[in-house]
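Enquirer: Spelled out from the first residue to the last, the chains are:
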Amino acid sequence: MSLDNARYDAAALALRRWSADLVRFAYSYLLNHADAQDAVQDAFVSYMKHAPVFSDPEAEKAWLIRVTANKCKNMLRSGWFKSREPLSEELPADEESREVIRAMGKLPGKYRWPVHLQYYEGYSIAEIAQMLGAREATVGTWLSRGRELLRRELGGTEE
Amino acid sequence: MKDNRYSRAISKIEPKENFEAATLAKMEAARGEPKPRIRRFVLSGAALVACALALAIALPRFLPVRNGTLNMPLPEPDTTAQTAVVQATPGVKTAADDEAPTGEMEWFVVTEEADGMYAMEAMPAMGMYSNKGFSFSFNTEEYSQIVESGFKSVLTSPLSTFAADVDTAGYTTVRRKLLNGEMPARQSVRIEEMLNYFSYRGLAPKDDKPVAISTALDVCPWNENAALLMVGVGAQKIATDDLPRSNIVFLVDTSGSMDGPDRLDLIKRAFALFTENLSEGDVISIVTYAGTDRVELEGVDGARRSEIMDKVNAMTAWGSTNGSAGIVTAYAIAEKYFIQGGNNRVILMTDGDLNVGVTSQAALTELIEEKKQSGVFLSVMGFGGWNYKDNKLEALADHGNGVYSYIDSLEEARRALVTEMGANFFTVAKDVKLQVEFNPAYVSAYRLIGYENRALANEDFADDTKDGGEMGSGHTVVALYELIPAEGTVLAGVKGSQGAQASELKYQTAQTTGIEEVAQVKVRCKLPDGEKSEEYVAVVTPDAEASEDMQRNLRLAEAVTEFGMLLRNSQYKGASSYDMAVETLKKLDGANDDETELMYLISRAKGLETWDGGIYVGSFSYDEVLSYAWSVYGDPCVRFDDFLNPGAERIDSAEKAVTAARTEVAGEREASVSRDASSGMWEVTFGPAEEGADGGTVSVYLNDSGKTELIILGE
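Protein chains in written order, with the working numbering: chain A, 1 to 159; chain B, 160 to 874.
Just so you know, these hints were derived from the structure itself, not from any lab. What you are looking at is a predicted structure, and each value in this text was computed from that prediction instead of being measured. Any given hint could turn out to be false.
[Claimed, not checked] Simulated DEER-style distance windows between Cβ atoms: (1) A:122 with B:462: 52 to 62 Å; (2) A:122 with B:358: 57 to 67 Å; (3) A:20 with B:484: 43 to 53 Å; (4) A:151 with B:813: 49 to 59 Å; (5) A:145 with B:811: 29 to 39 Å; (6) A:148 with B:428: 52 to 62 Å; (7) A:151 with B:428: 49 to 59 Å; (8) A:20 with B:818: 49 to 59 Å; (9) A:136 with B:190: 32 to 42 Å; (10) A:148 with B:484: 28 to 38 Å; (11) B:184 with A:126: 33 to 43 Å; (12) A:151 with B:469: 31 to 41 Å.
The beta-carbon is built from N, C-alpha and C at its ideal position, and this holds for glycine as well.
Using the sequences and the hints given, assemble the complete structure.
Expert: What follows is the structure, encoded as structure tokens:
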């Protein structure tokens with residue numbers, strides 16, 4: 001019971017710190033706000049049940065990202081997904097951002113995460129590989145292909 | 160975050176407003192669910208690649224930390240075995256189980272410091288970590304150093320003077336730690352606060368004086384050469400109906416760190432109890448402080464409970480704190496709604512986080528002292544365990560003539576706010592000081608147990624400008640003195656031994672006045688509205704029979720004191736033992752909930768101290784055994800051995816590790832063993848099984864602390 005209290009505290013702090021980042025991470029894949037929130041919510045419930053000791057916040061965040069990724073994949077597997085098109089009412093208001101996110105939505109699923117993790121979170125290929133449970137070479141491939149597709153979709157530079 | 164087109168776009172996606180709250184609710188629901196103890200993962204052959212990857216992820220744990228990569232080094236264990244530590248064993252993620260690693264759980268806490276650094280508390284004695292530019296300090300719980308006072312010679316120091324203390328935080332802190340499976344930090348153990356947490360019988364005045372003094376002598380259970388003198392001061396008890404009206408301003412810290420079930424949520428639940436005891440004529444105000452301070456409620460009549468609760472429930476935690484500005488506002492409101500002759504108080508509710516604005520102790524105390532003069536007192540309720548600044552909070556309450564309580568549960572909140580509302584909030588006597596004079600004809604040396612923080616110079620006793628303690632309605636303050644009887648006398652059956660006199664003085668002799676009294680106890684206090692103190696006196700005679708109440712009080716006080724001395728590992732603990740303390744408590748008639756819980760806590764401390772730090776196979780968890788022993792045998796005393804399976808083997812060699820691990824895997828397999836030097840954890844890796852069995856390697860981790868069992872990882 002007391003362990004739960006401590007874990008709750010830690011999870012609540014992590015929630016406050018990273019809920020936005022994690023929702024964005026899930027959204028980049030699911031392209032659906034409600035689903036993304038559900039995935040992150042489930043991740044925190046998993047935190048309550050399964051989290052090990054974290055020696056630093058980075059490790060904790062990496063763990064949460066990994067669990068959220070699994071939750072997202074579970075969702076796809078169970079066929080909750082209706083469409084891969086992001087709902088326009090959930091998109092940001094400005095056209096520039098909408099364009100980028102729609103372009104992301106056109107990427108095959110496995111390319112989106114490496115792109116998000118590098119472009120938004122700034123992780124290295126080694127770190128992304130660890131988080132996604134894939135080989136570094138694989139991640140490298142996904143990343144370069146994903147960036148290439150994104151570049152083509154957005155017609156020019158991605159900066 | 161990086162700055163690029165994608166980043167800018169995705170940053171505009173935000174979680175909905177109630178997302179965090181909803182998630183917290185789900186997490187709350189997941190609390191207390193039984194955790195898996197042993198998990199066995201079995202993969203089909205097709206997922207071998209995933210398994211190999213998973214192992215690749217787990218193995219780096221045993222390698223040195225490389226900067227810039229996300230290894231998860233294990234923390235250094237506390238090898239002094241003062242605390243029982245459960246080490247984590249992150250499992251290995253497999254494709255069959257989409258959850259991240261599972262296994263027996265450890266707990267830890269990370270708190271965010273004001274300067275953006277992180278502090279982590281998992282074990283009391285730890286070193287510094289550095290990874291990716293984060294450096295860690297740990298344990299932001301601050302406790303003032305206490306140097307125990309020793310025996311004083313009656314010839315040279317016949318007077319013992321101290322201020323009455325009714326704060327209880329010292330006990331609730333100890334309780335929190337023990338319930339969490341940790342020994343409390345020695346410096347956090349304040350024996351006088353532990354003593355005063357409990358209720359003592361028969362101490363209230365039987366006449367209409369504000370205070371009454373009771374004393375009793377007894378043999379000292381832990382020192383055969385000493386006697387014990389118990390001094391009890393009781394404040395007048397006022398029936399709740401007769402209590403004057405209250406004007407209370409709650410100053411609630413709603414900064415980010417107050418988020419959580421043991422902080423703001425607990426405050427809200429406590430308020431629900433509190434408002435039930437308000438009446439018409441009481442005035443309630445609430446000021447919250449975070450980035451700025453906000454007056455949520457001003458001068459609302461106590462009868463308007465739903466209005467009060469609406470505001471309370473709407474409080475949310477965010478931002479950083481500006482403690483003193485909120486205090487200024489709170490005092491202004493208290494002064495505005497001041498009730499003459501009533502209970503005017505500001506109650507500060509915080510986790511001690513005073514990040515922005517005036518944070519120096521000196522400036523804050525000056526402010527609080529100034530306000531105290533106008534008749535508005537300050538009480539403090541401390542919440543949360545991880546960012547908890549004990550010494551600051553206590554000092555604030557002290558200077559504000561208020562009470563400091565540490566609230567770690569709804570029960571404690573109920574106690575502080577409701578049960579002791581009369582005592583805590585309505586002052587019957589202020590600036591209460593005690594002075595005991597010992598007679599060298601009977602006592603050669605004495606030791607006041609505890610009250611180090613409350614010691615006063617002897618001349619301060621009669622000095623009305625010097626602060627004492629606060630006593631509320633029905634409050635009691637008890638103190639214990641360990642006495643060495645003078646040569647040739649007998650106190651409570653303890654003979655003064657030859658040579659027990661303090662060192663021979665050349666210019667003084669123990670010329671006594673021939674009065675047949677052991678000691679004289681004086682209490683000075685002021686009435687709540689008064690500035691001049693009154694003095695009350697009681698004497699201790701050598702042959703007086705202790706009343707039944709005082710005998711019970713003595714037993715209780717002795718047990719609590721022994722417990723406190725053991726926790727502090729005091730040099731004066733003598734023959735104290737956890738067993739003795741529990742035995743004493745068992746003999747109390749009609750033990751109340753607090754006393755029963757005390758027995759449980761003492762046995763927890765005992766269990767924690769007896770763990771030898773080894774790795775055992777097949778043990779039960781500490782909690783399981785204790786609750787089992789308690790429910791079946793009604794006996795809270797459990798030794799560490801009790802929670803090992805009969806014949807549990809201590810794993811101290813590779814052979815034993817392999818033997819233990821073999822019991823968990825199928826088939827004859829080749830095994831290789833390695834051991835992580837820092838954690839003491841054994842890793843036994845088995846080669847592929849024979850024909851027909853599941854393929855792949857199996858790693859078995861034998862974890863530590865006698866609390867966890869074998870953790871089995873993917874095959």
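Enquirer: Honestly, which of those hints from before does the structure not fit?
Expert: 3, 5, 10 and 12
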